[in-house]
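S.K.: Okay, here's what each chain looks like letter by letter:
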Amino acid sequence: MSTWLSNAWYVAAWDREVDSRPLARTICGVPMMFYRKLDRGIVAMRDACPHRLLPLSMGLREGDSIRCRYHGLKLGPDGVAEEMPLRSEKANKGICAEVFAVVERYRFVWVWVGEKEKADPALIPDLWPCSAKGWRFDGGYFEIASDYRLAVDNLMDLTHETYVHTGSIGQPEILHAPIETFVKGEQVFVRRWMPGVEAPPFWAEALRKQGQVDRWQICQFMLPCAVIIDVGVAPVGAGATVEQHDQGVRGFVIDVMTPQDETSHHYFWGMARNFDIDDDGFTARFRQQQGGVFLQDKEVLEARQRAIEANPHMKLSAYNIDEGGTRARQIIARAIKVQRQQPETEGAAK
Amino acid sequence: MSTWLSNAWYVAAWDREVDSRPLARTICGVPMMFYRKLDRGIVAMRDACPHRLLPLSMGLREGDSIRCRYHGLKLGPDGVAEEMPLRSEKANKGICAEVFAVVERYRFVWVWVGEKEKADPALIPDLWPCSAKGWRFDGGYFEIASDYRLAVDNLMDLTHETYVHTGSIGQPEILHAPIETFVKGEQVFVRRWMPGVEAPPFWAEALRKQGQVDRWQICQFMLPCAVIIDVGVAPVGAGATVEQHDQGVRGFVIDVMTPQDETSHHYFWGMARNFDIDDDGFTARFRQQQGGVFLQDKEVLEARQRAIEANPHMKLSAYNIDEGGTRARQIIARAIKVQRQQPETEGAAK
Amino acid sequence: MSTWLSNAWYVAAWDREVDSRPLARTICGVPMMFYRKLDRGIVAMRDACPHRLLPLSMGLREGDSIRCRYHGLKLGPDGVAEEMPLRSEKANKGICAEVFAVVERYRFVWVWVGEKEKADPALIPDLWPCSAKGWRFDGGYFEIASDYRLAVDNLMDLTHETYVHTGSIGQPEILHAPIETFVKGEQVFVRRWMPGVEAPPFWAEALRKQGQVDRWQICQFMLPCAVIIDVGVAPVGAGATVEQHDQGVRGFVIDVMTPQDETSHHYFWGMARNFDIDDDGFTARFRQQQGGVFLQDKEVLEARQRAIEANPHMKLSAYNIDEGGTRARQIIARAIKVQRQQPETEGAAK
Numbered sequence: 478m479s480t481w482l483s484n485a486w487y488v489a490a491w492d493r494e495v496d497s498r499p500l501a502r503t504i505c506g507v508p509m510m511f512y513r514k515l516d517r518g519i520v521a522m523r524d525a526c527p528h529r530l531l532p533l534s535m536g537l538r539e540g541d542s543i544r545c546r547y548h549g550l551k552l553g554p555d556g557v558a559e560e561m562p563l564r565s566e567k568a569n570k571g572i573c574a575e576v577f578a579v580v581e582r583y584r585f586v587w588v589w590v591g592e593k594e595k596a597d598p599a600l601i602p603d604l605w606p607c608s609a610k611g612w613r614f615d616g617g618y619f620e621i622a623s624d625y626r627l628a629v630d631n632l633m634d635l636t637h638e639t640y641v642h643t644g645s646i647g648q649p650e651i652l653h654a655p656i657e658t659f660v661k662g663e664q665v666f667v668r669r670w671m672p673g674v675e676a677p678p679f680w681a682e683a684l685r686k687q688g689q690v691d692r693w694q695i696c697q698f699m700l701p702c703a704v705i706i707d708v709g710v711a712p713v714g715a716g717a718t719v720e721q722h723d724q725g726v727r728g729f730v731i732d733v734m735t736p737q738d739e740t741s742h743h744y745f746w747g748m749a750r751n752f753d754i755d756d757d758g759f760t761a762r763f764r765q766q767q768g769g770v771f772l773q774d775k776e777v778l779e780a781r782q783r784a785i786e787a788n789p790h791m792k793l794s795a796y797n798i799d800e801g802g803t804r805a806r807q808i809i810a811r812a813i814k815v816q817r818q819q820p821e822t823e824g825a826a827k
Numbered sequence: 478m479s480t481w482l483s484n485a486w487y488v489a490a491w492d493r494e495v496d497s498r499p500l501a502r503t504i505c506g507v508p509m510m511f512y513r514k515l516d517r518g519i520v521a522m523r524d525a526c527p528h529r530l531l532p533l534s535m536g537l538r539e540g541d542s543i544r545c546r547y548h549g550l551k552l553g554p555d556g557v558a559e560e561m562p563l564r565s566e567k568a569n570k571g572i573c574a575e576v577f578a579v580v581e582r583y584r585f586v587w588v589w590v591g592e593k594e595k596a597d598p599a600l601i602p603d604l605w606p607c608s609a610k611g612w613r614f615d616g617g618y619f620e621i622a623s624d625y626r627l628a629v630d631n632l633m634d635l636t637h638e639t640y641v642h643t644g645s646i647g648q649p650e651i652l653h654a655p656i657e658t659f660v661k662g663e664q665v666f667v668r669r670w671m672p673g674v675e676a677p678p679f680w681a682e683a684l685r686k687q688g689q690v691d692r693w694q695i696c697q698f699m700l701p702c703a704v705i706i707d708v709g710v711a712p713v714g715a716g717a718t719v720e721q722h723d724q725g726v727r728g729f730v731i732d733v734m735t736p737q738d739e740t741s742h743h744y745f746w747g748m749a750r751n752f753d754i755d756d757d758g759f760t761a762r763f764r765q766q767q768g769g770v771f772l773q774d775k776e777v778l779e780a781r782q783r784a785i786e787a788n789p790h791m792k793l794s795a796y797n798i799d800e801g802g803t804r805a806r807q808i809i810a811r812a813i814k815v816q817r818q819q820p821e822t823e824g825a826a827k
Numbered sequence: 478m479s480t481w482l483s484n485a486w487y488v489a490a491w492d493r494e495v496d497s498r499p500l501a502r503t504i505c506g507v508p509m510m511f512y513r514k515l516d517r518g519i520v521a522m523r524d525a526c527p528h529r530l531l532p533l534s535m536g537l538r539e540g541d542s543i544r545c546r547y548h549g550l551k552l553g554p555d556g557v558a559e560e561m562p563l564r565s566e567k568a569n570k571g572i573c574a575e576v577f578a579v580v581e582r583y584r585f586v587w588v589w590v591g592e593k594e595k596a597d598p599a600l601i602p603d604l605w606p607c608s609a610k611g612w613r614f615d616g617g618y619f620e621i622a623s624d625y626r627l628a629v630d631n632l633m634d635l636t637h638e639t640y641v642h643t644g645s646i647g648q649p650e651i652l653h654a655p656i657e658t659f660v661k662g663e664q665v666f667v668r669r670w671m672p673g674v675e676a677p678p679f680w681a682e683a684l685r686k687q688g689q690v691d692r693w694q695i696c697q698f699m700l701p702c703a704v705i706i707d708v709g710v711a712p713v714g715a716g717a718t719v720e721q722h723d724q725g726v727r728g729f730v731i732d733v734m735t736p737q738d739e740t741s742h743h744y745f746w747g748m749a750r751n752f753d754i755d756d757d758g759f760t761a762r763f764r765q766q767q768g769g770v771f772l773q774d775k776e777v778l779e780a781r782q783r784a785i786e787a788n789p790h791m792k793l794s795a796y797n798i799d800e801g802g803t804r805a806r807q808i809i810a811r812a813i814k815v816q817r818q819q820p821e822t823e824g825a826a827k
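Residue numbers (the numbering used here), protein chains in the order written: chain A, 478 to 827; chain B, 478 to 827; chain C, 478 to 827.
Okay, chain A solo, but in the shape it has when bound (with noise of 0.2 Å):
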């Protein structure tokens, strides 16, 4: 009974990740290897050879296909065999790699592991601020050893910057502002609102100006893992509110989780915003920054990983602040159920 929704679209990695060279990526258990081809659509395919399993991201690129290192069987980028071993025989079309879904959107590679009938890219989660004009995207990888929910339970409470994130983006504050959370059809909103506060130096400086500012943390989580954070400051009095808020200066914290196994997962974390969008020194150095604030948390993720299985009897314990986690879980298992309960597509195990 896996632990993740498998008729889903997942992020496998960014878009700058993958060239003509193949890239070799645990999803969900499966192993694939993604390349570009020559008018810079993605393939995605199993990475074992349809003859002896050889991992094709070993193989040799020709055109746009992939003749494998072994015994030089060649697939096309729909994985069909387009030239079998001894050149003298016809290729046998019946010869194929799985090929699974892809999509290219908001700077990530998008694949579909599960029933390839129902693989609509309108289920994409929607994380507009990444590519959208007016704003600027960047961000980075890691590989996390722990389940992916860890990092959902983590995201969706942001009570633990002020401990784990001690020296960087931890305040105070963050522990006094009431938290409101809710759920919107599969999504999961959890929002502080701190009018008049002091504005905190990263965000003065974004601003370009000190004093009393509105200030607002809006986490969203969207199937099957996503947790966008709404972020930013606007002056008092400029009019912004909770719902609407773009007197000031804004940017989304996004973090796109991706098992790769039980135990272990991909995280592709990275902030959009839309200031100083043509500042690329700000760009790279905002991105080293937030990188070691995640480290902090991939340190927190995978000793809770060691410690549930160093203490089997022992339950996770749910408070208040756990509310927006607990909800995304929900959700989450929710969504794994219904699936599990419908009849499958017809042709849908090819």
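Hints are all accurate, no fakes.
It does not matter which identical chain is meant; a pair holds if it fits inside one copy or across any two.
Straight line, CA to CA, 30 Å or less: simulated BS3-like cross-link-like pairs of lysine-lysine:
no.	residue 1	residue 2
1	792	593
2	775	551
3	595	570
4	593	661
5	595	792
6	792	514
In case anyone wonders, no lab produced these hints; they're calculated from the structure.
Please build the complex by placing chains B and C on the supplied structure of chain A, with the hints as guidance.
M.R.: Relative to chain A, chains B and C alone:
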């Protein structure tokens, strides 16, 4: 079915290993952490926050309490919640981390992993030379990748000194001296009495004169898992007997084994002696030398553990020399069996 | 159900690897150790002392015997106890370590892991070029983290040379030459006969003249697991045929695979040749070069093993080129099945 006794005192650490910063160590399969309070008393607590299981050993010390470094739940030295992650919330006294009975004695920190009601300090095995007036005790610690009972086998038969410790403490006389093994209550003794032998270099130096001596080696096994070895020499004619021998120089090799899990254990070793007790240089040199000797035992115990796993159909044999180890293992097995048959004290599972 | 034949001779080591000091090596899941006696005969013994299971390979050699480095039990080359830990005790002849039949032949040390009564040296596969007069044999050893049968697949189809050994021995002609596969008793042959081709550089140099040659590659599989490959060239018109071809230069690529466990094996490789047999420099250069080529095979075999484990639902496919490997695997499987159905020789379990 565990291979160790759980209602028993185990050494968790040297006294000097525990200070205000938490020390993480797994005792009998239970992840624990240890720290000292302001009054120097020691706290032993399960190393997992009751909230999200992050190891508390990663936490922040505040007064006598520990604050989890994840969401800031603050627990008192009794494990009970003192402050919630959201400061505005009232502390829920029902939230608590498991704490363990702990006693500091004989330079060691002892912890009780079983039923808390039965944790009587009078049950701590008697290692009097480790803290008696007129004696000096020092030693070290190794983690050893073997079942802890392999160390008992090793220590209750000193025949191995000749081969394992060739070039250090091994001596051919030991092979020829008759040994006497007997059981007294739950203790096992293995005695070698070597009257009128040439003093070996180490003991001649300790005695500060050459010549014929009476020499002894008396191994004593105590539950749950300590072996202390009474060793020394007295000048011939001074009246020393195997029962009473304070006429010359005398030491106790101290060995305490604590299971970490089924295939690894903590090994606390040292030497308590009644000569040159104020000589810090000798103490340090001897500890270094003894550590080197015991590293040879570590190598052998770990090789045995691997060999047991690689030859699953082979049984261990026991020869005459193994009688001490065999009897010690019987006492451990019987104590485990007795404990299992006792009805659990009410509330013990709390 | 093991994947190998146990009543069979396996290569445990090169002759040069075994000297007076014990060599530890696990053969077909059995930890063994090997050493030479004073008459240079070889002893193969289970690598575990019958007393406490310490590996005997850690022991001390004395005459033709081995003394355990733990308590000093001394065993003769027949595995029988010669001296007890306590010298005063009479040696108990019932104490013995298991010994294995061992034969030195063709530069290798062969060991029999199954029923001792059936260990007939006549069953050793015929690797005559490794020790025949007028031939020179040299090679090396790798431990490979794959099922040993993946190496059989690899060697019984040389199509892989083009891709795996690009830049070393791969050549396009090989892809176009027709292959002929046939079974003779328990042996499998895969033959390529390439008449009137340009001599490739290596063979032109061996032949010491340029020009058209007849070339051959004949793979031969033998139980329990050897593949020897008859390779060479003869000048066109010299009368060489696929059946008889000593008119030019000839070599045998020697490959012997011995299971270590289900997912790893010992690989003994080399080249026996009938030209330049006294040229030590060429011998050394060739061995180095061949080792480089076979490291590429090691990389592929280990990647396949990992891929098989990562794609548990995928089956291996077999194409025309795989017929040799497929038939060799059938012969292994059939031999295992036959052996399993035979009533065990009485006393075999001794």
